[in-house]
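Colleague: Given next are the chains, with one letter for each unit.
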Amino acid sequence: MSEHRDAREALELAAVEPGGLDRLEAGDTAEAAVVVAHLAGCPACLEEMARLRRADALLRPILASAPDPALRERTLAFVRAAGVPRGAAGVPRGASDVPGGASREPASRVPAVRRRAPLGWAAALAAALVVGLLGGVTLARVAAPDGNADPAVAFDQVTRETTALIASGDSREMVLTGDPGTGGTLILSPSAGRMVVSATGLGAPPRGSEYRCWVEVNGTRVALGAMWWAGDVAWWAGDVAIPAVIPPGVVYGVSLVEEGAPGPGTVVLTGSL
Amino acid sequence: MGDGRSEPPATDVVLVAAMAAGSEDALAALYDRHAPNIHATALRLGGDRGVAEDVVQEVFLTLWNRAEQFDPAIGSLAAWLGSIARHRAIDRLRAASRRPRLVSLGAGLDDEPAADALERAAARRSVGASLGAPDPAAALDASEARAAIAAALTAMPDPEREVILLAYRDELSQSEIAAHLGWPLGTVKTRTRRALARMRLVLADVYGPSMAPVAVEPAEDSPLALHGSGGEA
Numbered sequence: 025m026s027e028h029r030d031a032r033e034a035l036e037l038a039a040v041e042p043g044g045l046d047r048l049e050a051g052d053t054a055e056a057a058v059v060v061a062h063l064a065g066c067p068a069c070l071e072e073m074a075r076l077r078r079a080d081a082l083l084r085p086i087l088a089s090a091p092d093p094a095l096r097e098r099t100l101a102f103v104r105a106a107g108v109p110r111g112a113a114g115v116p117r118g119a120s121d122v123p124g125g126a127s128r129e130p131a132s133r134v135p136a137v138r139r140r141a142p143l144g145w146a147a148a149l150a151a152a153l154v155v156g157l158l159g160g161v162t163l164a165r166v167a168a169p170d171g172n173a174d175p176a177v178a179f180d181q182v183t184r185e186t187t188a189l190i191a192s193g194d195s196r197e198m199v200l201t202g203d204p205g206t207g208g209t210l211i212l213s214p215s216a217g218r219m220v221v222s223a224t225g226l227g228a229p230p231r232g233s234e235y236r237c238w239v240e241v242n243g244t245r246v247a248l249g250a251m252w253w254a255g256d257v258a259w260w261a262g263d264v265a266i267p268a269v270i271p272p273g274v275v276y277g278v279s280l281v282e283e284g285a286p287g288p289g290t291v292v293l294t295g296s297l
Numbered sequence: 003m004g005d006g007r008s009e010p011p012a013t014d015v016v017l018v019a020a021m022a023a024g025s026e027d028a029l030a031a032l033y034d035r036h037a038p039n040i041h042a043t044a045l046r047l048g049g050d051r052g053v054a055e056d057v058v059q060e061v062f063l064t065l066w067n068r069a070e071q072f073d074p075a076i077g078s079l080a081a082w083l084g085s086i087a088r089h090r091a092i093d094r095l096r097a098a099s100r101r102p103r104l105v106s107l108g109a110g111l112d113d114e115p116a117a118d119a120l121e122r123a124a125a126r127r128s129v130g131a132s133l134g135a136p137d138p139a140a141a142l143d144a145s146e147a148r149a150a151i152a153a154a155l156t157a158m159p160d161p162e163r164e165v166i167l168l169a170y171r172d173e174l175s176q177s178e179i180a181a182h183l184g185w186p187l188g189t190v191k192t193r194t195r196r197a198l199a200r201m202r203l204v205l206a207d208v209y210g211p212s213m214a215p216v217a218v219e220p221a222e223d224s225p226l227a228l229h230g231s232g233g234e235a
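So the sequences go chain by chain: A and B. Our numbering runs 24 ahead of the 1-based position in the first sequence. Our numbering runs 2 ahead of the 1-based position in the second sequence.
Among the clues, some could well be false.
[Unchecked claim] In silico lysine to any residue, SDA-like type, Cα no more than 25 Å apart, as pairs:
1) 191/B <-> 265/A
2) 191/B <-> 49/A
3) 191/B <-> 46/A
[Claimed, not checked] Residues of chain A placed beyond 10 Å of chain B at every Cβ, according to the derived structure:
4) 36
5) 45
6) 50
7) 55
8) 68
9) 91
10) 192
11) 197
12) 201
13) 202
14) 204
15) 245
16) 256
17) 271
Just so you know, the hints here were simulated from the structure itself, not pulled from any lab data. All residues carry an ideal CB built from backbone N, CA and C; glycine is no exception.
Input sequences plus hints: build the corresponding full structure.
Modeller: See the structure below:
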């Protein structure tokens with residue numbers, strides 16, 4: 025019986041490699057020759073090989089194009105962050121509402137209704153941009169009548185950058201505040217070395233001016249970059265060396281600055297961890 | 003429910019309605035059912051896993067945001083999501099400036115829209131394209147198999163999932179997997195066989211018992227003792 029088991033093991037392991045069963049059947053190696061000899065006198069193992077071939081023909085294209093299992097959680101988190109709010113307030117709806125619905129996910133990992141909380145303002149921004157913008161995404165920064173970038177770029181960049189930073193596992197988020205009607209969110213990740221700043225309510229910068237992000241450490245302000253804007257949304261994303269532990273007193277902000285001027289300009293938003 | 007039978011799965015219409023009312027579990031159920039096909043479609047069109055994953059996320063965001071636009075009287079949810087996925091994938095291709103591919107694809111078909119050319123080319127490369135006219139029953143089985151395999155992948159122990167994906171998706175040999183993961187070769191083989199056995203049982207559920215392994219030790223009174231009652235497919 026060990027001969028059967030050895031043959032089965034060889035067949036199964038050969039089946040998972042591209043062309044593996046063909047190579048085994050060719051009997052080119054000593055081990056393969058033993059298996060081939062066994063197959064010649066064993067209808068059951070011969071049938072097993074035929075079944076493995078059939079299974080492989082179906083499995084290979086499916087597994088080759090199977091989504092990464094982790095994509096499920098990432099997608100649900102993405103929708104949670106950027107999707108429009110749904111559900112009656114205060115009335116959680118979960119698996120009990122859905123006969124035969126998803127049951128693999130423990131309720132503790134995917135609460136029935138979690139709207140907005142993880143991303144707060146950034147999610148609101150992304151959600152606002154999603155409406156009407158999903159029809160066409162162009163990654164090229166183009167001049168637009170109401171901004172220096174295409175609104176689709178705003179959606180694409182803010183949601184993508186935000187999602188990526190949150191997925192890094194060590195992201196920190198802070199709220200930027202300013203005059204009434206203005207606000208922003210800054211998300212950073214030390215491990216990713218990246219930061220995304222988004223803001224609304226600032227309005228179009230006056231001709232010849234721009235919104236510029238900065239960080240201030242021990243009273244020294246360092247410019248990070250000029251913001252893109254589209255309609256009512258302004259944003260900036262870029263690589264920044266961020267220490268794992270951000271010391272207290274570090275302030276982040278956005279200023280309105282004359283283009284080409286070193287600053288400091290007029291502070292319009294600030295925040296700290 | 004005292005008869006031990008499990009509840010039948012909710013229809014797409016029921017799930018979409020529940021999702022529109024705010025149920026994330028319904029969204030998850032719809033993901034489990036449709037994401038594998040959406041991912042496969044996007045991968046086929048874009049040829050890039052990163053693009054395919056972006057498309058999957060955008061499709062489900064669109065589904066969540068525009069659930070009310072789904073009308074089962076017009077078409078199935080799978081068809082609607084597939085259409086969104088194709089458009090998103092083509093948007094991505096255009097944005098990534100992969101137009102040079104269109105030049106050759108459109109040869110002799112100058113008036114053909116770029117999107118059609120892309121889809122036509124993708125269809126040529128698809129697994130089922132060489133099998134002749136589409137067979138709705140086969141397509142349904144394939145769709146079901148994709149979803150079942152994806153579910154099984156999610157549910158199986160991490161080490162088994164890791165080896166089976168490295169073997170099939172990345173086409174690594176057992177030795178390469180052992181070196182890649184730093185595991186003993188024997189461990190890799192054992193986990194691969196376990197994972198393969200799980201996959202075959204999933205296929206047997208969809209396509210019948212002829213996908214299941216033959217019993218290791220044939221019964222004395224039969225040269226072929228098979229698991230299940232089926233024979234050839």
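Colleague: Next, verify each hint and record whether it holds.
Modeller: Here is how each hint holds up against the structure:
1. Between residue 191/B and residue 265/A the alpha-carbon distance is near 43 Å, which puts this suggested pair outside the 25 Å criterion.
2. With a C-alpha separation of about 19 Å, the suggested pair residue 191/B and residue 49/A falls inside the 25 Å cut-off, and the hint holds.
3. Using a Cα cut-off of 25 Å, the hinted pair residue 191/B and residue 46/A holds, with the two alpha carbons roughly 19 Å apart.
4. The Cβ of residue 36/A sits about 5 Å from the closest Cβ of chain B, inside the 10 Å cut-off, so the non-interface label is violated.
5. Taking the minimum C-beta to C-beta distance to chain B, about 13 Å, the non-interface status of residue 45/A holds against the 10 Å cut.
6. In this structure residue 50/A is separated from chain B by more than 10 Å, as the shortest Cβ-Cβ distance comes to about 16 Å.
7. Chain B leaves residue 55/A outside its interface by the beta-carbon criterion, the shortest separation being 13 Å against a cut-off of 10 Å.
8. Distance check for residue 68/A against chain B: the nearest CB is about 5 Å away, which does not clear 10 Å, and the non-interface claim fails.
9. Not every Cβ of chain B is farther than 10 Å from the Cβ of residue 91/A; the closest lies at roughly 4 Å, contradicting the non-interface assignment.
10. The non-interface label for residue 192/A is consistent with chain B: the shortest C-beta to C-beta separation is roughly 16 Å, beyond 10 Å.
11. Listed as a non-interface residue, residue 197/A keeps its Cβ farther than 10 Å from every Cβ of chain B; the least gap is roughly 20 Å.
12. Against the 10 Å criterion, residue 201/A stays outside the reach of chain B, whose nearest CB is about 28 Å from its own CB.
13. Residue placement check: residue 202/A keeps its beta carbon more than 10 Å from all beta carbons of chain B (closest about 29 Å).
14. Listed as a non-interface residue, residue 204/A keeps its Cβ farther than 10 Å from every Cβ of chain B; the least gap is roughly 29 Å.
15. Even its closest Cβ contact with chain B, about 36 Å, leaves residue 245/A beyond 10 Å, as expected for a residue assigned away from the interface.
16. Interface exclusion of residue 256/A from chain B stands, the closest Cβ pair being 19 Å apart, more than 10 Å.
17. For residue 271/A, the shortest C-beta to C-beta distance to chain B comes to about 35 Å, beyond the 10 Å cut-off, and the non-interface label holds.
Going through the hint list in order, the structure does not satisfy hints 1, 4, 8 and 9.
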